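Visitor: Next come the chains, spelled out residue by residue.
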Amino acid sequence: MNVLDGVLTKNGLLTAFALIGVTMLVSYWASEKLTRGRLHGSAIAILLGLLMTVYAGGKNGVADIPMLSGVGLMGGAMLRDFAIVATAFGVRMEEFVKSGVIGMVSLFLGLFVSFFAGGAVAFAFGYRDPVSITTIGAGAATYIVGPVTGGAIGASSDVIALSIAAGLVKAIAVMIATPFLAKAIGLNNPRAAMIFGGLMGTNSGVMAGLAATDPKLVPYGAMTATFYTGLGCLLGPSVVFIFVRSIL
Amino acid sequence: MPIYGTALLSLCLLTGLTVGRMIGAALGVDADIGGVGIAMILLILGCDALQRRGLMKAPTESGIVFWGQMYVPIVVAMAASQNVRGALSGGVMAILAGLSAVGISFVLVAVLAKKGRKEENPS
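Residue numbers (the working numbering), protein chains in the order written: chain W, 1 to 248; chain S, 249 to 371.
Bear in mind the hints are in silico, worked out from the structure with no lab data behind them.
Quick caveat, the model's predicted, so the values are computed rather than measured.
Be a bit skeptical, because a hint or two may be false.
To be verified - In silico DSSO-like cross-links for lysine-lysine, where the CA-CA straight-line distance does not exceed 30 Å:
id, chain 1, residue 1, chain 2, residue 2
1, W, Lys183, W, Lys98
2, S, Lys362, W, Lys98
3, W, Lys216, W, Lys33
4, W, Lys216, S, Lys363
5, S, Lys363, W, Lys98
6, W, Lys216, W, Lys183
7, S, Lys305, W, Lys216
8, W, Lys183, W, Lys33
This is chain W alone, in the form it adopts within the complex (with noise of 0.2 Å):
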């Protein structure tokens, strides 16, 4: 057992291919046979991901665990990156450019929603100061400009540590919500996966939520999703932190 337990560890990056080909497969045959297609494949599979880390997870998921710390590499920005942008091979450029407008006005849309939903969440427990109401509805924008945002303008660790929860809250059930409320929303047309990426944002969450959907929209939400997480660190210690000390 010590030996495989060696193979397994030294060699983490295919320890991680073969157990996510497995999910993969199990995920595939469980949508075929238990929902009649009905449920995605990979909506199955994305909620193992997320089960597993339930079980057996720390700060990093699964990847915590020394045998499986090559699904963090896997599954780490490089090749996650990597990948989003081999999807766009055969995409034409045109497709981009026409919902280019919509696509720009989603991103302040989104950025500026979650700003206003998790600062209003914040007031609403009693939260007064502008600093930890602008921190925490950074947080609702993505888990990076709550900390990015925080750090800026001086806000205490435990509210950081808030903010960090409030975006991997919103990851998480973007991953989760996206394939079942699509068809709801609209979201089968390139279009509305620019429109959906901007709004949204936060990167995991809609990389996730297109691929259970139709793996066809990631590149489209991706393009607008890119540009979210950096206007918000650009956008939260400056504009919206002024304009929340000027209300308050």
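Chain W is already provided as a structure; the job is to place chain S on it using the hints.
Guide: Just chain S now, with coordinates in the frame of chain W:
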């Protein structure tokens, strides 16, 4: 050879991430702004230019297509590396803050996506 396609893909992403970082730095934030989007545009333009000159061979394409097809499994690995416990440990307020942002955004997606469709087909 497939590596030509994979190398092209890598160059596009590395360039995109560099430009994204530079845009961030120019605006005074320590973050990447649009790196992946820029990389996608570079890949589309690059492949287009190669195809027109007849330099895009099937094996080269396969070096890009493979990674695009690995997308879903990579996302599953990403889901399995999320800090789900951290998300739940934030308590009711963090959960409500995250969920309310998601809820309003879903409603807005529906509004914007459907509004545009009516404008495109005025029937």
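Visitor: Hint by hint, note whether the structure agrees.
Guide: Do the hints match the structure? See the list:
1. With a C-alpha separation of about 22 Å, the suggested pairing of Lys183 of chain W with Lys98 of chain W holds against the 30 Å cut-off.
2. With a C-alpha separation of about 16 Å, the suggested pair Lys362 of chain S and Lys98 of chain W falls inside the 30 Å cut-off, and the hint holds.
3. A C-alpha spacing of about 24 Å is found between Lys216 of chain W and Lys33 of chain W, which places the hinted pair at or below 30 Å, so the restraint holds.
4. Of the supplied pair hints, the one linking Lys216 of chain W and Lys363 of chain S holds, its CA atoms being roughly 22 Å apart against a limit of 30 Å.
5. Proposed proximity of Lys363 of chain S and Lys98 of chain W is supported: the alpha carbons are some 15 Å apart, at most 30 Å.
6. Restraint check for Lys216 of chain W and Lys183 of chain W: the C-alpha separation of about 15 Å stays at or below 30 Å, so the hint holds.
7. Distance hint between Lys305 of chain S and Lys216 of chain W is fulfilled; the C-alpha atoms sit about 23 Å from each other, no more than 30 Å.
8. A hinted pair counts as satisfied when its Cα atoms are at most 30 Å apart, and Lys183 of chain W with Lys33 of chain W qualifies at roughly 22 Å.
The structure fails none of the hints (numbered hints given earlier).
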